[in-house]
Each structure stands twice: as C-alpha cells, then as structure tokens.
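A.B. asks: Letter by letter, the chains look like this.
Number of protein chains: 4
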Amino acid sequence: MSTLHMPPAHPFDTSGLLDLGEDDTLHEECGIFGVVGVQDASTFVALGLHALQHRGQEAGGIVAHDPEQGFNNARRFGYVRDNFTSQKIMETLPGPLSIGHVRYSTSGSKGQTAIRDVQPFFGEFSMGGAAIAHNGNITNANTLRRELIERGSIFQSSSDSECIIHLMARSMGRSIPDRMEEALRKVEGAFSVVAMTRTKLIGVRDPLGVRPLVLGKIGDGWALSSETCALDIIGAEFVREIEPGEMVVINTDGVQSHFPFRRQKPRFCIFEHVYFSRPDSILGGRSVYETREAIGRELAKESPVEADLVCPVPDSGTPAAIGFSLESGIPYAMGIIRNQYMGRTFIEPTEQIRNMGVRLKLNVNRALIKGKRVILVDDSVVRGTTSRKIKEMILDAGAKEVHFRIASPPTAWPCFYGVDTPQREKLLAATMSEDEMREHLAVDSLKFISLDGLYRAVGEAQGRNPTCPQYCDACFSGEYPVKPADMVEQGFQMKPAAE
Amino acid sequence: MSTLHMPPAHPFDTSGLLDLGEDDTLHEECGIFGVVGVQDASTFVALGLHALQHRGQEAGGIVAHDPEQGFNNARRFGYVRDNFTSQKIMETLPGPLSIGHVRYSTSGSKGQTAIRDVQPFFGEFSMGGAAIAHNGNITNANTLRRELIERGSIFQSSSDSECIIHLMARSMGRSIPDRMEEALRKVEGAFSVVAMTRTKLIGVRDPLGVRPLVLGKIGDGWALSSETCALDIIGAEFVREIEPGEMVVINTDGVQSHFPFRRQKPRFCIFEHVYFSRPDSILGGRSVYETREAIGRELAKESPVEADLVCPVPDSGTPAAIGFSLESGIPYAMGIIRNQYMGRTFIEPTEQIRNMGVRLKLNVNRALIKGKRVILVDDSVVRGTTSRKIKEMILDAGAKEVHFRIASPPTAWPCFYGVDTPQREKLLAATMSEDEMREHLAVDSLKFISLDGLYRAVGEAQGRNPTCPQYCDACFSGEYPVKPADMVEQGFQMKPAAE
Amino acid sequence: MSTLHMPPAHPFDTSGLLDLGEDDTLHEECGIFGVVGVQDASTFVALGLHALQHRGQEAGGIVAHDPEQGFNNARRFGYVRDNFTSQKIMETLPGPLSIGHVRYSTSGSKGQTAIRDVQPFFGEFSMGGAAIAHNGNITNANTLRRELIERGSIFQSSSDSECIIHLMARSMGRSIPDRMEEALRKVEGAFSVVAMTRTKLIGVRDPLGVRPLVLGKIGDGWALSSETCALDIIGAEFVREIEPGEMVVINTDGVQSHFPFRRQKPRFCIFEHVYFSRPDSILGGRSVYETREAIGRELAKESPVEADLVCPVPDSGTPAAIGFSLESGIPYAMGIIRNQYMGRTFIEPTEQIRNMGVRLKLNVNRALIKGKRVILVDDSVVRGTTSRKIKEMILDAGAKEVHFRIASPPTAWPCFYGVDTPQREKLLAATMSEDEMREHLAVDSLKFISLDGLYRAVGEAQGRNPTCPQYCDACFSGEYPVKPADMVEQGFQMKPAAE
Amino acid sequence: MSTLHMPPAHPFDTSGLLDLGEDDTLHEECGIFGVVGVQDASTFVALGLHALQHRGQEAGGIVAHDPEQGFNNARRFGYVRDNFTSQKIMETLPGPLSIGHVRYSTSGSKGQTAIRDVQPFFGEFSMGGAAIAHNGNITNANTLRRELIERGSIFQSSSDSECIIHLMARSMGRSIPDRMEEALRKVEGAFSVVAMTRTKLIGVRDPLGVRPLVLGKIGDGWALSSETCALDIIGAEFVREIEPGEMVVINTDGVQSHFPFRRQKPRFCIFEHVYFSRPDSILGGRSVYETREAIGRELAKESPVEADLVCPVPDSGTPAAIGFSLESGIPYAMGIIRNQYMGRTFIEPTEQIRNMGVRLKLNVNRALIKGKRVILVDDSVVRGTTSRKIKEMILDAGAKEVHFRIASPPTAWPCFYGVDTPQREKLLAATMSEDEMREHLAVDSLKFISLDGLYRAVGEAQGRNPTCPQYCDACFSGEYPVKPADMVEQGFQMKPAAE
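Residue numbers (my numbering), protein chains in the order written: chain A, 3 to 501; chain B, 3 to 501; chain C, 3 to 501; chain D, 3 to 501.
Everything labelled a hint here was simulated from the structure, so no lab data went into it.
Since we're looking at a predicted model, the values are computed, not measured.
If a hint is listed, it holds; no wrong ones were tucked in.
Identical copies look the same in the list; a pair holds intra-copy or inter-copy alike.
List of simulated lysine to aspartate or glutamate pairs, EDC-like, C-alpha gap at most 20 Å:
(1) K402 to D446
(2) K391 to E239
(3) K219 to D398
(4) K90 to E350
(5) K372 to E239
(6) K393 to D26
(7) K374 to E292
(8) K202 to D255
(9) K372 to E292
(10) K90 to E353
(11) K402 to E292
(12) K372 to E308
(13) K449 to E438
(14) K428 to E481
(15) K267 to E462
(16) K372 to E403
Isolated chain A (complex conformation) (with noise of 0.2 Å):
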C-alpha cells in the first residue's frame, strides 16, 4: 500500500506529526492481520498488530463484525498500544471477526497522510459490506484510479488501496470473494490483502509473493498474520505460508484454498530477510534471526579485516554484528547505546531538538570504545547520513580505526512493491561506487555483503540465479518482476534489460 504520489487532490485533516529527519532506513509500510472464530476478536487484533507495529508505525485501524451490532472501526494516528488497548475503545469492536491493519508514515516531502488514508477500507455492497486490509503497492494504481472516476467512483482517500474495493463495487460477482478474486485480477504489483465480510476472514497473496502472509490455527478459530511473530503473541499455532497466488476464505467451517491467478515463479522480497521482518519471525523454516546472523558470518567470510571489537548499530545490526564477531573471532561489544524511550517521531519540534538528529537515539559508549578499532555492522546504506554521523560519534570518542560492515549489497533502486524508499537520485549507492562511498563516509574500511553472499545466507546454496532470480532484489539489482507503471509514466527510468 502506498499513497500516490500525485497533487493531494483531496482536502483533508493530516496528523500533524514531523518527523525528525532520521529518514535513513528503508520502511516496510504496512502490517496486517486478521482473526475468526473466536471472542473479542479485535483485541486479538490489537495484540496481533502490536507485534506487527516494526511494519508500520503511524497508525492503526480495526474493523470487528458482530451479528448484531454489525461493522464498527477504528482508526487512529500512532501506536497500537495507545489507541487499541484501553476498555473503552476496544469494546466499540465486539464480534468474533476482525481486521486490522498498520501503516508506516510517508515523510513530509509526499504529502502528510489523512485519517481517511488509514486502512482497513470499508465498502458496502448490494450483498453487504467488506472491509480489506493491504499489504504492498499497486503499480498501475494512476491508471485504474483515472480509470474508476471517469466511470463515476468516488474516491476517498489518496491511497493506491482504494482501487480494490471500487473494482469490486463494480464487479458483477455475485459474492464478496468472487468480487475480490475479479478486482484483484485487474491489478498489477504486490499485494497481500487480509479482508473480512459478515462471515467470512479472506487472504490472499500476489502471484509473486513479494509480501508475506502467514496463516495460524488459535483454538477453533484462525489467524492471518503479516508475519508468524504476531501469531505467538496471541497464542496461536503457525499452520503454514499462504502461496504466492493463492486465496484463501476462511469461516467457521474451515478453510478454503484455490488459485485464481495465472501462476508464476515467486520472487519473496529479500529485504524482509535483511531488515522487514522480525527477528523472531519465522520464513522458509528458519528464525529470521538465524539468516541475519548468517548474513554476519557470511560477511566475515568474504570481507575480514582485524580489529578490536565488533559493534553493531542498534538495533537491527545485533544480529549480523553477533554472526561476524562468532565467525571471526573478535569480541562483540555494545559500543552504541540506543535510548530506548526514542520514539520515531516528534511534533513540532523546537530547532535546536530537530538538529540533534540521531543523537536523541543512539549515544556512543565513550569510555569502551576509546583506542579501539571497531567493526561497525549495520543492515543498509539508504542515504548514508546516519552511517557518517555514526562514523563521527565513534570517532569523537576516541576510537583508532573504524571499519563499516554492511549486511546487505548496496541500495541503488528504489523499491515499488510496498517499501518507502527515497527516489533514486538520493540512494548513496545509485550515485557512488563503493569507494567513492567509503570515501565519501571517511571510514577506515567499508565493505557490503555480495549479493551471492546474501542469497547463501537466506539458503540458496548455489547463490542466486542470474536468468531467473529465486527473489525480488530490485532495490539491489534493479530488475523488477513487475514493471511499476505509474512510476514509468511519471518519469522513472528503469534499468536497460541489456545491462
């Protein structure tokens, strides 16, 4: 799910949040989850979504449906566990179905977002209403939104998400998930949508995969999930992945599976291994913490060099810095402290608390890390300032020799299935070799994992396969599995297929 990146045609009341400028890491947009066949589903919901808040964190929503107060909602700006806990709002969503869903803030320079840009979205039908949950990016959302209003919808938000529920407004499907399966079929990109009607909790998955979904078992009721972490919280057992392509439509009675979609070969993001998901998550098997501490002992491997101490940057760099320091040797040490009462955004700020930038989060530990040479391990490079104004704390406390290690290869594209990322031209890696980087970040070394190395470390023993890549790496390769359309018609410039 994404917003267009069009002129906000639509007036709108906006949250009001700044963000602080840390914009340096990648963003998944959106978590979602979806629960029947037990009580009070929503708080399974809320709790769901609790553990999903690392994939979206501006805000939340929640529809519930019970038979006899019908569809209720709720949508709120911030975290889920200040909006979706207290009694008095969760008992506005009684019934034993529910959808929820998370979404991260699109920064200022596209536009603040709307409470009406919160999902779940909502429709009612000849046959009764929906509500659907998205998880990805349409490609040719410009396109089917023109499309849709010269035909007479109305639209209500500026998010890409909204298409579905008009194709399916129009669509002469008889039932909801036959509608769903039709609006689906006119969509390009990637999408994995968790959606409910009066009776029934549906999920589906693009033909790709490029999103997770995951499906789990919670008493006699059933839980769909972004990732299997949010079913532990809530106590469920984790059955299996939904397929790429596949829909599955679950009530009381079981679930249901068929594939609507012309099949294709699956490219999962990769970027979910490196960064997206939650250590504890599992995909294809293994604990995600696992991989990224593969990804450090493979990076060990291919990029050594002596030092003292092996630090990562807080927090998504502990595991890969954990698998380098195992694999070479050398103590792990935390020489960054992240301050954990940061949170991702402030409102209006005074000037001198905007210029702190990462200090407010992260402070060097001083009195360890002088005279030392350290291996600094972080996940990615985006922009490349909080690498340098790390590489600056680091050096201001004293340390010999820094040496950058980073758990993926460079990110020179950006990505259009769902991630926010900055446009090309601001990627440090679409502009820079990796020597002009190292330069340009003034470490003493600066090394990312090949992008082989990486499809070893997610378990692809023969490395990746250059004809028919077993994942999405477009963020690192360029060659993206669907052609973003709108984006193509704005401007952007894609990779010559000869290169």
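Following the hints, position chains B, C and D against chain A.
C.D. replies: This is chains B, C and D only, laid out in the frame that chain A set:
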C-alpha cells in the same frame, strides 16, 4: 439533510455526546454558507456559520480552495466558535473561495453521528473537485442510494445528501454545474444547496423553495447564506433571496442565474417564520421578529384572557409574548429566567444531573410570580414534556393561574423536509384534541393560534388558501407538498387525501 | 478574591485562553457554594455553581469529603457544565460534605491565571484538613503575604485568598473554626467565605456584608450559596441571608451562629442589585428583576424622552428597559439580538475574528430599527467602547435618533472589594462629564440614573443617606468603606475626604 | 525522593495510568539535571532528562529562569520526548538557567501520583525564589513533616522532598545556598539535589554519596546530571563526579565547592552498577557496560554450566550475558526478542490485555531455541514472577534445559534510599533459599553472583570489606548505612546487628 433511518451499515466513529433529554423542540437540521471573491474566504464562512449556529449545533465543516494549495477542509463536532476561530485551524483553509455547513445532531434514538456524516461532502471528478453543502431532506434518498450501490458507488456516510455527489459522479455532464443540475433533477424533496468548484460558487433552491437561501454582496465578492443575519455579521449587503427553483453560478465575473427545474408554485416552510429563523433575519421584506410579534398580537385577539403578567418561555417565545402584551395591555415580564451558560448537551452526565432536565436551563422568578395570574407564551408544543415541567415550576412558585398561549397551530405531523421531528405518535397534538391537551398539561387555559391567524400574521391578509396553500404547513395540516417516498415505503401513513 | 498585582513570582501553567477584547463590563469575580448532610454532596455543589456561573466563568473547583476516602478535589478551567457533570469526574468526589467555587478570569493585562489559583484552597493542619472558598477581596493581602513569607510560609498561588489558609496554619487555635476566626480578624476588605472541615460546613460574611451569602435547607441537610437562584436549582428552601459579620458552623446537628467581629454598619454592594446578581435571585425580600424594573421606571421618570421604541442592550439591560417602557408607555422591542452561541473567550483567534468584537455577539434587527427613534437601555457604562459600537450599529441600520439611558450612575471609581474593574483612568466617567460622554458617544441624548434615584429603586424611599450611606457605592461615589491599603501603597489616589 | 506511605491527606488529581502489572524489577525513582550559562537552557535540560528517562518514566518537570520573565515551569505526566520537545512548550521556558526532574511512578498499591507531586518544587522566599529537584529518599520525612505542619507550614504534595523547601523557608539563613545547607543538615537519608535560584545552579550530594551526581562543562556554561550519558547528549564534557557530602554553587563566574556536612565514609549504591545506570554512563572511570560485562565474566567463573547458547533477558541482562559468553566460550544469541514499541503502562486496558503481561513485551525466538540447552542471564530476581514466565516461554518453545544466571546477589531487603522496592515479604529471596528458589522457578539450575564476586567486578580486587563495606549493598546484605527512621516507626524489622 438527514441521516437514513436504516440500520447503520457503515462502521463509524461517533461523537460521544449525549443529549440531556430535553428534546422537546423541533430542530432545523442545517445552515449553509458560502463566499467567493474575498481574501481568507474561510474566515467569512466561519463567521457566517457562527451566525447560523441556531440552525445546527452538533457539528460544522468548512471547505476552502486556494489556487496553489487546492482544496482543504476541516470538520468538527461542536460549536463554530470553538472549532473555527483559531489562527491554527483557519490558516489550513486558505483561498478566496469557501463553503461551510452546520448540522443539528439527530438524537440517540436514530443512531449516532459520525464525523464522516459532517458536510460539506467532497468529490473528485474527471474535470476537478467539487464540494457541496445541503440544507433540506431528500425524500427518495433510500431508493437512490440502493440504485447507486447496485451500480458500484461506495457510500462513505449515512447521509441522504451524499446521493447528490454520487449522482454527479455518474453524470455525463461536461461541467460541474451541468452535473449538479442533472443530479438535482433526480432528487425529490427539499433542498437548498451551496456548492463550490475550484473557481465557482453555486447556489440552488428546490422548485418549491422550502428552505431559505439568500444572496449577499461583500466588496467585490459574493456570499450565499441560509439567512440574512449571517450576511450582517460579515458586513455583506443583502441583495435578494434565491428564487425557488433557481440555480446561481457565481465567479469573479458575477452571478449567472437560470431555472433548471419544472416550475411549481412555491411552498416556503411557514415554521421558519414561527421558530427556525433568527428574529433579526429578514424574510419577505420584514424582520422575523416583527412577524413573531404580529403572531403574538393575533393570538391575543383570537384568545384573550384576564391576567396580571404575560411571560415568555425563553427565548423563543419572547417576541410573541411582547406582541401579546402590546395587544392585550397586560404587562410583559420575565417570569422565567434562562441560564446563559447552558449548552445543549452533556457528556455522560450523572443520573442525578440527567434527571434535572429543564431546571438546568430555566428557573422561575419566584418573588415575581407569587400570587399572580400568568399568561405563558411559547412558540410551539411538540411532545408537551417541557410545557408540563414549566407549568409545574410556575405553580410551585405560587402562581394563582397559568394560561398557555402557543404561537403556532398544533404540531400534529412530522416534517420530512429537513427538520428533526419526533415520530408522529410522540407528537402531543397527533393524539389529543386541544381540550385533552389542556387537561393533560393541567393548566387553566391552553390556546393555539389558528392556521388562518398564522397566515395573516405572516402577511397573507386573506389567510390560508385551502386549495393551494401559500406555504408548506405539513406539520400542522398533514398536507405534504412532496410525497415522502422513503417514509411511505417504511410504513408512514399519510393523511387520506379526502380528509 | 483577586490575584495580587505583583510581578508573577510563582512559575505556573496558564489556561491559554485569550479574551476577545470585549472587556467593557464589570465582572463579579466569584461565586461560592457549599452543602452538608446530603448524599453525593458534590453533585449539588456542581448544580449550585452552574446556577452561579454568571459570577465567574473562567474556572471552577470542588472539594468533597467522604469519611472513608477523605478529601478529594477537582479544579478545571471552563464552565461547570463542561467539567463537573460527567459520571467519571463526579464519582471522584464522594461524600456528604462539599464546597465549590467559580472564578472570573482576570484579563491578560494582570497576568494569566494558573490552575493553582483556582479555589477552593486546601490546607492540612495538625487537627485535620480544611478547604476554603472566598468571594471578595482582601485589601491588605500584600502586607500579609510579605509577613507570612518572612516567617517561612510557602505560597502556592498568586491569590490573595491563600493568605487566609496560611494565617489559619499559624494560628494557635484548637479547632479549625477557631483558627478561621483568628485568621479572618487579621484580614481587611470584603469577604464571604464558605469553608469545610471533615465534618463541618462553615460560612462567614465580613462585618460590612459587602458580598452576599445565603442559607438554605435541603432535606436534612443545609446549603450556603452566594445567591438564592442556586438554592432553587437544587430544590433547597431559602432560609435567610447570613448576616454581615456572622459566622455559621453547620453539621448534622444544625446551625450554630455567632458574631466574631467588631460590629459595624452594613454596606452591601449596591451593584449586586444593578448588575451582578441574577434577576431571579432574591435580595432584601424582592427579586432582583423587580428592582431592576424599578430602576427603569425611576430612570423614565428622571429622564423622559420622546421615541418610537425602547430597546434593551441584551441581556443585562432587559429588566430596566421593560421598566422604562412600562413607565413611559413607549413600546418595548428587541432591537438588538444576541447570539446565543457566543462564549466569553476564543482560543488564539485570527486577527480578523479578534477585530469583530461585539458583532460576534450582537446584531441589530435592521428591518425593525430603520427610521425609528430608539431609546437604548443599558445597565452601566464602563469604558464606553461597547456603547459606542452599539450606537454605530444602530445608526448604520438606519435609526433616526439614538437615546441612551443607563440604569446606574456614572462608574467613576474602581472596586477593590472583589470586582474586576479597569484602572481608574480607563473608566469613561472618571475623565468626562455626562455632556462630554454624550458627545464622545455621539448620541442624541445620554442620561444616567441619579444616585438617589438608584437608592429609591432599591427600596430606600428617602434616597441615599450622605453621612452614612446604606450601601457600598464606592464605584459611583469614590467613598470606600474600607481603605484599600495595598492599592494605596501601590499609588492609588483616593478621593480627598473633603470632597 | 519518594511519596509518604501515609493515608493521602491531600486531595489531588491523579494521572489515570495503570501499570500493567509487570512490576517485577526495581525502579530508580528519579533523574535530575541542571544547566547554567547557555541560551535556551531548558532545551538542554529537556535533552538531558530524555537521556535520563530510564531513571523515571512517569512524569517530568522543568523550571527555567529568565531575567525578564522570571521563573516559569512546566510539569507533565509521560515521557520527556512527548512533553518537552515542542516549540510551543519550550518557548514558555526561556532563560539561561534551568533544572529538571524525571520521576518513576510508584505503583497503584501505594496510592496514585498527582501532578503536584511532580518536581522540581518551587518556593518563594523573602530573598527570592528557588526551585529544587531531588533524587534519593529522606528517611526522617514523616517526622519532619509532622513538626513543620505543627509550626504552620502548608504542604502541597505528598512527597518527602517537599520538606526541604519548607525547612529552607523557615531557615534564618541570609542566602538561598545558606538556607539549603541548613535544611539539608536536618535531613536524613540519601539525596542528590540539583537546585536553582535566579542566578545560581546548586548541586549537593549527601555525605554517603548514595545517589550519583556529576559535573559537566558546556561552552561557557555548566551542567549537573545524575549520569554522564546525559552530558553526552548535549555535547557537554564530563568534568568530574560531585563528591559525597559536597555542595557546589555555580554561576557564570564558575564553580564554588564546599563540604557542609560531617564527613563520613562513602557508600555509593552498588545497584547503580548492576542495573540503574545506563550502560554508556561512566562510574569510577569505567563504563557501566564494562562493569556489567565483568559481572558476567565473574558469574561464568563462579557458576559455569555446559550449554548451547547464552541468552540475555533483554535488555538489562545483555552486557552480563555477553561477558558470560566471552568467559565461557558458549555462543551468545538473542533467544528472547523485545518488542520495541512497548511502553511501560497502558491506560485502562481490557482484562485480556492486562493478563498478557510479559508476552506483550517479550517473545521467544522459537526456531532458534528449540532443542537447545539455554543459559539465561538476568540482572536480578525481585518477586520472581517474570523469571517464571520467561522460563515457561522458553520451555514452551522447546528448549532442552534452562539455566538461570543472575548478575546480582539475592535481593532480600528493601531499599529506603530512593529505589522503589516491594515490601520485604514480596521479595523472593527474603523468604526462600537459593535452592528453594530454583525449585520454585523449576529451572535446571539457578545461580546468583556472590557478594564478593560483585565487589570484584566493580573493581574491588579484595572483594567486600565486611567491617566497613565500600558500597551501600543493603538490598543484598540488610546492612543499612542510615537508619530508616520513618520505616522503623511504621514497623519495619531491621536485621539484628549481631547477624
């Protein structure tokens, strides 16, 4: 504008306000205001809405358009003065073109209002956006809504007014005014509409002209308002009333007028004279205050009685009480004092406070009333609950006699044209004769003005024309100028034509 | 009660409300209420304060005592109805004994109010806690405060009333009533006090009886109130006024009365009759409304004029206008309409709205006024700014002549006994003769009631006794019954005794 | 600083926050910070308090002084980052001199906190105002409070720290520092104090130096802070620790130091090393992180065990777990993942969410743990409830063996010097032997570091000096360096001296 009386299909956030149970008056449901061709148009709209607050106190909304920043809006529960006066909010509504709406809260029995029911409504069409604000009620809204949903429209509110914007979206018209014409030709009932595009302010009144709408001039710009009192507050000159069936399209070049509907004999709402409009507004060239004073004089002629004091039930009975005193020569006095700090609603009050009812708002001037024969003049009797409590308070204070004089005929029929009335069986006059009401209220005498007397007071020297009444007086006569189709479908029994 | 006119020594949070600049009336600064011997006493206090809201609109506070839960309190900015009606807040104030206070906002020029300035004040003494609520003003507060600080008292507010609680803390008295007596004997100025211990409700009036205080009976319990209108709302019976210089100590056994101060000739504030008290309150056996009507009659006798209409400046001029009309035979009419939805303040309004001033509140009934000779009756002229704007609005509407009649003598001196008045030089009557004022306001005539006329209207058939006036009329006469010591110290020039 | 354990004598507003019941750690109750000689001093204080947030999360307050605007303050419930970063609030706190305080919420069982308990406290003395912020606990506060009330002081909070300001008010000292000295000489217990007058920043540490306080230099100005990590965030240079018993008075001319108290052997709190202080702070010339790593090494030496993984209980067990892994050679791994979006409290949560407890915060890395022998390293065992739940989660995930290693000796005695500990009978180690605890927790082994081992790890090569311990270790040993007078009065049984 009214909400649909259907089970709430749409999940929504509600305002959390509870009415205090003093629901014993009729409520105008909306006030509308728009302005074009002035700087900071939205501030003028806020002021206009503040002057129209008596037409709707639950919520208000403003849309403004600025050539650079496009459309912006803000919608809030509560008074205009609390929501639309601060620098902070008003600077989010820039531009020379703006419209606004205040709405009355439909009480709990009809389901609660959501912020998404608050107007103006906005739609993005292929030729640009438009916003509309509607005063009145669409009597075939349910049918229209059902048909629109079947064709793929997605409704965002439970408001009848939203039909207009969907009808516009589906119109083949080349311009927004053309589409509005086409949409309004499909709509039945009562409507005064103020709308805006990126460059134009539009005003329309239904062919019967049930609800008011006036045109004003302010500097080089123009204003549209429900009543003239809102022109006064912004210093605009009152130009003329918009005619029944007229559509005006206003931009910086001036006002273009045409009459897109089949011409009919006008039937303006006579209750606007009695109660809804503000006493300082001008209707038909005379101040509403003077009309009400004339009603009081007429009442004194029709139903004289010997007494010591004429007291109004504050504040709506005041002008008629003054008229009654002037005609009868019996001294006018404030026997009942109104608490100025009383609002309409309390948030989750204690049981004890909930039970206080009218005593929170009114107190008898005990020392003045003691031992006196008192004539109480009120504007109308709806359920009769307030009249009864006031009578008790007056007797409890030691009055010798209590005579009620009512400035309108018995209210025996609900309004379906934009006024919130109780169901017919709750109207005291629907189930009792005048004598029975007097007994029920246990007062020494009770007299209503006659329907002819009321027509005379509003300026029809010959009284009511029974074959072709000059006003809509359905609430008194049961003669509905437009068939309330949705209501009849839901089982409402109209008065037999032969009666 | 007033805030000290010293530089704000104490750091505090302020309410953030800005007055709209319509500060052209005198403001009673406080209303007080207490009740003992009833269940949920705090709800009765809330209702009483709601009825006394005209005496102070900025903030309110309630303290209650429950044998099990001890003392609890709540203090809030804003109206009683918004703060003290919800189940949620009222259940935090349990018990059979409670007192409360509403206060008027001193305007920006004097510094802003903090929540810690909101009464009742509370002190913990060695024999238990006590809370007090004060209406009036301590004229030697600065001196007392200075002395108390030197001896080690720590002040928590900038309020003069806090001195009382510190004086009580330092008293050697064995009981709280004893300590209160001792404290109040050190205090100069005007005070009506309602206080409570764990078991007793206490009421005191200063020896001159400047501010009102009345006793009521409710069931087996008792109430103390600034005015009788607040007894009416809770259904209490009005027993009698507390006497000047009297102290009553009330528990479940009954009312004990004594007179701890040196006896003096009473000097009740005559302006309570003219403006402060509610028209339905009873003072001296007659309703305030009747007194004001009598003032209007007296004014018509003293300063008759030929005209077409007598119009009140709403709402405070209404009873006098009715009296003027009854005496003169000139018809009474509502030439100026007040917006019911106008509050006293706006939060950070835009410049444009700030400049609207009185037009936000009042509108002229243009159609009625046009071509007429109009008598406008107002209660008083303070700065004259409002009178001037109203005159302009009336003329702008086409009135032929405008005659002002004022229901009080020229206000030429500030009040130091609990009323918020502008500095002397801001009072129009302090710098201009009646003729100069007429010219300044540019009206056809301007007449004030004479001081003797006012005394006659309040029931002193012989008028004012110049050697020993029956009332405090310092605001008209400059004769202050208690020397305003702090003010004289700060440079206030009293009228020479010889004058 | 702590609240008095007396029935709440003072009526107050409470924060409405409910703890989630995960009260199974010890809580430092306060962090203090002050700065003088820089522009916008309050912004530095806000940043410092943000870095000290781990010492108190319930509420924070800042006082600032500006030569023109005098003293201003702001106090709020919640995190510093939510309250003290906006332009709007910070511009109300101008000036070059400012102090601040963060406090920990004492849990519901002890009564709720009111905003008036939030420091800094302020007092107006005859020579001017002063504000103080206190970290620690006054052990004779009840006695002092009783005596002060008897002499006429009025307390505004239930905090022990307020005694200091009243003692200062009653002092005959000529200057504020003199008065503070005199006041603090009457106070028993532990205190680090940061205070300010109109021109001076003052820092004091009690003679034992139980709580930390450090001095920093920033530009031409100076800072005082509980820990060095807060100097880092504002870019201040760490100068030195304030000595036990030292008082520094700082203005733009520099730092004046003296030692007003009877000299005693220092007894710094050893638990600051184990848990309270941030790992990047420097105590005794070494980073707290390194000390904790050393504790882990010492623990591995004292209590080795064969296993597959060493896992920390996040986040406080992390450095000791790393040390244990380095010493033992058993790989370090993140077997338990902490939810980053977890706050400390929920507002009125549903029953279901309340029951989730630790699962809201922690999740086991199931795929990693399955079939492994796991060493869990935690900082301490308080009630044992969390340890038990974590053990269950680990076993539920399929661990083969679970071995607990605790980085502190058994916590068997409450702290009375500024740390919130449960009553003695709630401490697991107060009622059970180590063996009984192991059985109670049902783990394969459970070992605590020895008291001597802990002393060695903090740098005392010879271990603990039993006749004159180098640290305050009362929570482990029951040997209290200052008699907790109020507690003994309330019935607390001290350990027999002979033991």
